[in-house]
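J.: Required output: the full structure, derived from the provided sequences and hints.
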Amino acid sequence: MSSPLSDLLLSAADGTLRTLLAPPRAARPSPAADAPTPAPLTEAERRHSAALMRVNHVGEVCAQALYAAQALSTPNTALRRQMEAAARDETDHLAWTKERLDELGGRVSWLNPLWYAGAFGIGWLAGRVGGDRWSLGFVVETERQVEAHLASHMQRLPAGDTRSRAIVEQMKADEARHADEAQQAGGAPLPAPVRGLMRLAAKVMTITAHRI
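Quick note on my numbering: the sequence shown kicks off at 1 and runs consecutively.
Hints are computed from structural coordinates only; laboratory data are not their basis.
Here the structure is a predicted model, which is why all the values come from computation and not from measurement.
You can trust all of the hints, since none of them are fake.
If you anchor each label on the Cβ, the simulated ranges turn out as follows: (1) A151 to A201: 15 to 21 Å; (2) S152 to G186: 26 to 32 Å; (3) P113 to S152: 23 to 29 Å; (4) K203 to A39: 29 to 35 Å; (5) P75 to R107: 38 to 44 Å; (6) V204 to T37: 35 to 41 Å; (7) G196 to E43: 36 to 42 Å; (8) A27 to L111: 23 to 29 Å.
All C-beta atoms in this analysis are idealised placements derived from N, C-alpha and C, irrespective of residue type, glycine included.
T.: Below, the structure is given as structure tokens:
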């Protein structure tokens, strides 16, 4: 009979393979389905939208890794369930962004395995070194930064790309809710240098994923 730890490790390994190799499946319909009829995009607009949605897809790959690592690192069953519930929302985001990328004729980042591994390591450290309050605080700060990033994409996406805009708007609302839930669960504010390093790492990721 497997132990609880081995079950968690197997679940984490399964999540890794599903994120990186299997087509993601959303539990909720894509917000793009109810978006107003999109205006025709120029070739330049299509490429621009695809690059932005690739960045958003990378963000969801990282979210899967972060939540999986933090769920694995905590002995708190209630916190683990909260992380797993948030990860299910992020799976929807992963599927929606991949679907939209396909519609735009784009591709996912070639560096997704690297992004996943790095995010998993960061999530594990946040959970093991800082404990649950810092782990939750890390979720709060991550989701607040992602929310701001998605708000900037709403400004940068072509006005006629209503399908991408609908997806990003719902993602933004979900990330804000995740941050609120983590804060209410006892997330501790992170030190300013840590927040700064997180912003720097996110900037490197977004610049790179926009192209590769």
